[in-house]
Amino acid sequence: MSGLLTPGMLAHVGHSGPPRTELVTRRDIRKYAIASGHRLRKYLDGDEAPPLFHVALFWDVVEKAELSPDGVSVDPLLPELPLRRAMAGGISVRYHRPVRPGDTLVARRTLTDLYEKAGRSGPLLFYEVTLEVTLESGEPVLTEKTTRLLR
Amino acid sequence: MVDLATLAVGSALPQRDHRPDEIDLFLYNAALWNAHRIHYDQAYATRVEGYPGLVVPGPHLGDWLTQVVLEWIGDDGVLVEFAYSNRRAAYLGETLRAAGRVSGIDRERSEVTLELEIRNQRDEVITPGSAVVRLGRAHA
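Sequences listed follow chains A and B, in order. Under our numbering, think of the first position of the first sequence as 362, with each following residue one higher. Under our numbering, think of the first position of the second sequence as -10, with each following residue one higher.
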C-alpha cells in the first residue's frame, strides 16, 4: 500500500449529504427505458420504471463549472483525493416496491467506505456510497450500495 | 411462463447480444446527464486515458443484465435483489452477450437466484452479476 489516504480523508466515511427529492415522470422513464435498450412495453411506455432508473433520476445535475476536465462531477461526499480519474465499479440493490410515474422519491446518500488497493497499473481508490430511496411517507423503495473506483 | 414446479438449477435464461453504436452511447449518457468524455470524445478516450475506443458506460452493462431477468420473468414475478460488477471495460463496436442461468431455487419462499454475466467477443466475462426474483404477482 502506498498510503494515499490520510486520517482526514478517512474521517469523511459516515458522512451523509442532504436528502434529495425528485418527481418521477413518464417522460423520464421512457427516455431511460429507450436509451438503455428495454423491450418490455411497461418500461417503453413509462408505466413502470426499469430497476436501474434511479441511477439516472439521482445522477448529480451540476453546473458546468463544477465538472472536472474529463466531464465528471466529483461526488460531493468525497474529500479532496489524490486520484481523480473515475471508473465504473458495481452496484448492489435491494428492491422493496416498483417506481411509477407520479411517485416522489427521496434519496439519502452516505459515504460508507473508502479504501485503497493495488491495481495492475498503480494504486486504486475505491469508495462505497449507500443510497436509501423512500417515498415522502418514508415507505422504503430501494437500498443500493454503489462502489466506484478512482485511478 | 416461469413455472417454479418445473424449474431446475442450471436452466439457462434467454440471452441477448448487444452491439452498442454512437446513438446508444449518446442516448444513454443523455438520459443520465453524464458528461464523462470517455463515452463520446474519441481523442480524449484513446490519447489521454489510453482506452482502445469509446467506453460503454458501466451502469449500461448493468442494465442489460436486469433486462435478461425482466424479460424472462415477464409478469410472473418481481426483482427483489440485483447486483453487478464492472470487471473489464467494453468498447463501442464490440458485440456483448448478456446471459443468465438459475443458480438456486427456494420453493418455500418462491424465490429464484440467478447468476448473470456479460461476455465480450474474446469470451471474457466483463460484467458478472446476480439477482433474486420472487415469483407470483406480489405487486400486481
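One should not assume that every hint holds.
If the Cβ cut is set under 7 angstroms, some of the chain A residues that face chain B in the computed set are [claimed, not checked]:
#	residue
1	Tyr393
2	Phe419
3	Val422
4	Ile452
5	Arg455
6	Arg461
7	Gly463
8	Thr465
9	Val467
Treat the hints as calculated values from the structure; they're not laboratory data. Note that the Cβ used here is the ideal one computed from N, Cα and C, for glycine as well.
Hint check:
For Tyr393/A, the shortest C-beta to C-beta distance to chain B is roughly 5 angstroms, which falls under 7 angstroms, so the interface hint holds. Checking Phe419/A against chain B by beta carbon gives a least distance of about 10 angstroms; that is not within 7 angstroms, so the hint is violated. For Val422/A, the suggested interface contact is upheld, since its CB lies about 6 angstroms from the closest CB of chain B, less than 7 angstroms. Because the beta carbon of Ile452/A sits about 6 angstroms from the nearest beta carbon in chain B, less than 7 angstroms, this interface hint is met.
Because the beta carbon of Arg455/A sits about 5 angstroms from the nearest beta carbon in chain B, less than 7 angstroms, this interface hint is met. Checking Arg461/A against chain B: minimum C-beta separation of about 10 angstroms lies over 7 angstroms; hint violated. Here the hint on Gly463/A is broken, as its CB sits about 16 angstroms from the closest CB of chain B, past 7 angstroms. About 19 angstroms separates the beta-carbon of Thr465/A from the nearest beta-carbon of chain B, more than 7 angstroms, and the hint is not met.
The interface hint given for Val467/A is broken, as the beta carbon of that residue sits about 19 angstroms from the closest beta carbon of chain B, more than 7 angstroms.
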